[in-house]
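J.: Sequence:
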Amino acid sequence: MRWSWKIFTAFGIGVRVHLTFLLIVAYFAYVWGVVQKPGGVGGAFYGVLLVLLLFALVTIHELTHSRVAQAYGIKVKNITLLPIGGMSAMESMPEDPRQELVISAAGPLSNLVLAGIMALFAPLLVDTTDLTSYGRFADLILSRTFEGAYVYLLATNILLAVFNLLPAFPMDGGRVFRAFLALRMDKGRATRVAVAVGQGLALAMGLLGFLSGNFLLILVAIFIYFGAQAEGAGEDVGRVLGALRVSQAVNTRVEVARPGQTIGELAARLFHIYQEDFPVVGDTGEVAGIVTRDRLISALAQHGPDYPVVDAMRSDYPAVRLSDSVFDTFMTMRRRNFKAAPVIDDGRLVGMVSLEDISEVYALLSAAGPDLVRKVPAEPRDTGWNAPSGEGGSGL
135 MRWSWKIFTA FGIGVRVHLT FLLIVAYFAY VWGVVQKPGG VGGAFYGVLL VLLLFALVTI
195 HELTHSRVAQ AYGIKVKNIT LLPIGGMSAM ESMPEDPRQE LVISAAGPLS NLVLAGIMAL
255 FAPLLVDTTD LTSYGRFADL ILSRTFEGAY VYLLATNILL AVFNLLPAFP MDGGRVFRAF
315 LALRMDKGRA TRVAVAVGQG LALAMGLLGF LSGNFLLILV AIFIYFGAQA EGAGEDVGRV
375 LGALRVSQAV NTRVEVARPG QTIGELAARL FHIYQEDFPV VGDTGEVAGI VTRDRLISAL
435 AQHGPDYPVV DAMRSDYPAV RLSDSVFDTF MTMRRRNFKA APVIDDGRLV GMVSLEDISE
495 VYALLSAAGP DLVRKVPAEP RDTGWNAPSG EGGSGL
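FYI, in the working numbering the residues of the sequence shown are 135 to 530.
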């Protein structure tokens, strides 16, 4: 995610903090330093410490999700901390609804376990008579003391678990709800029901936040509503693309770059073709990297047209095979921020597949229905690509 920075790594998972996280830190500093008496600099520091401890609980919650996902063989790229909570970037969710249920329930369960442990030690650290009435309980939480912070975090653990288990897709409870539905109906229908329920709850939250003046609740409602919408759209794309293979969508007529070229030579080709990203291919046909349009423009601006292609290319490109699923390829490209990827067969370039290609395929299949897939050749008919002039082909 852009505007986020890694702060540490745990279990091979990078934990990142988004720039907007500073908003929640500033909010807590304001509440405890200005609104809540006695306030002052000490109160502001207390508020910052409290929010950092709160997000330590959120990090544990997300790491629990991620560790269970890793146990099922799912790769977790990173965890990003946002003002409204944490988000784990997993490559995919399992097709088995039982596994999705376990992964989704693991986070809230970790909060309940932590709350239980803290409750066991509470009599040793807190005067439990302060917990016997709502008034005394509220006074304790709002006090700027160790006991107040301890009880606040204990209560927050419980609230995190309960809130996340609300059946509001794409939250944990929404995924648990979808998994239960998927045990009784197909996944597409289960997703549509979970999305509708999640968006309904989001609208109710937004209305409650508006009436009560709770800006944070409105922000969470917006996140849930559009998150559910995005999840539903993703499921629809997966349903439409279905069993389509990359071999049925690969573009075999592509322009390539050579390692010995400059970006100025490559940029000149953009005046005559629509292709934006160029695979960098060696003399034996192996793909060394890919020069994206963004990298090309950035290198031109910073280094000029004589900058070598090999220094501008990205070598972390997603290598796609002909047998790969178009939908899986689409998700990988979006996750890794690539608009196009080389298709490789037996170590050699076959062609390219781009987000634009996949969008076109999606539009055609949406209009014609799945029967159109059977009319698409299972293998590409032409595996020729255009090399630079003077090096075995047309082009540069």
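Among these hints, one or two may not hold up.
[Stated by the list, open to error] No farther apart than 20 Å at their CA atoms in a straight line, the calculated lysine to any residue pairs in the SDA-like style are these:
| hint | residue 1 | residue 2 |
| --- | --- | --- |
| 1 | Lys209 | Ala240 |
| 2 | Lys171 | Phe271 |
| 3 | Lys211 | Ala190 |
| 4 | Lys209 | Leu235 |
| 5 | Lys140 | Met221 |
| 6 | Lys209 | Arg387 |
| 7 | Lys209 | Met465 |
[What the hints assert, rightly or not] Simulated restraints, written as ranges between beta carbons of each label pair:
| hint | residue 1 | residue 2 | range |
| --- | --- | --- | --- |
| 8 | Asn348 | Gly398 | 18 to 24 Å |
| 9 | Ser267 | Phe349 | 28 to 34 Å |
| 10 | Asp445 | Arg468 | 22 to 28 Å |
| 11 | Gly398 | Phe179 | 32 to 38 Å |
| 12 | Leu187 | Leu337 | 43 to 49 Å |
| 13 | Gln363 | Ser457 | 29 to 35 Å |
| 14 | Ala256 | Val296 | 15 to 21 Å |
It is worth saying that the hints were derived from the structure and are not from the lab. Virtual Cβ for every residue (Gly too), placed ideally from N, Cα, C.
J.: Work down the list of hints and note, for each, if the structure agrees.
T.: These are the hints, each one checked on the structure:
1. Our distance criterion of 20 Å between C-alpha atoms is met by Lys209 and Ala240, whose separation comes to about 16 Å.
2. Taken as a hint, the Lys171 and Phe271 pair is honoured in the structure, with Cα atoms around 17 Å apart against an allowance of 20 Å.
3. This hinted pair checks out: Lys211 and Ala190 have alpha carbons roughly 19 Å apart, not beyond 20 Å.
4. Under the criterion of a C-alpha separation no larger than 20 Å, the hint pairing Lys209 with Leu235 is consistent with the structure, at around 17 Å.
5. Among the hinted pairs, Lys140 with Met221 is consistent with the structure: their alpha-carbon atoms are about 14 Å apart, no more than 20 Å.
6. At most 20 Å may separate the alpha-carbon atoms for a hinted pair to count; Lys209 and Arg387 exceed this at roughly 33 Å.
7. With a CA separation close to 13 Å, the supplied pair Lys209 and Met465 stays within the 20 Å bound.
8. Roughly 55 Å separates the CB atoms of Asn348 and Gly398, a value that falls outside the hinted 18 to 24 Å.
9. Roughly 30 Å separates the CB atoms of Ser267 and Phe349, a value that falls within the hinted 28 to 34 Å.
10. Against the hinted window of 22 to 28 Å, the Cβ-Cβ separation of Asp445 and Arg468 comes to about 26 Å, which satisfies the hint.
11. A hinted range of 32 to 38 Å for the beta carbons of Gly398 and Phe179 is inconsistent with their spacing of about 54 Å.
12. Here the CB-CB span from Leu187 to Leu337 is close to 32 Å, at odds with the stated 43 to 49 Å.
13. Here the CB-CB span from Gln363 to Ser457 is close to 32 Å, well matched to the stated 29 to 35 Å.
14. For the pair Ala256 and Val296, the supplied restraint of 15 to 21 Å holds, since their beta-carbon distance comes to about 19 Å.
In this structure, the hints that do not hold are numbers 6, 8, 11, 12, in rising order.
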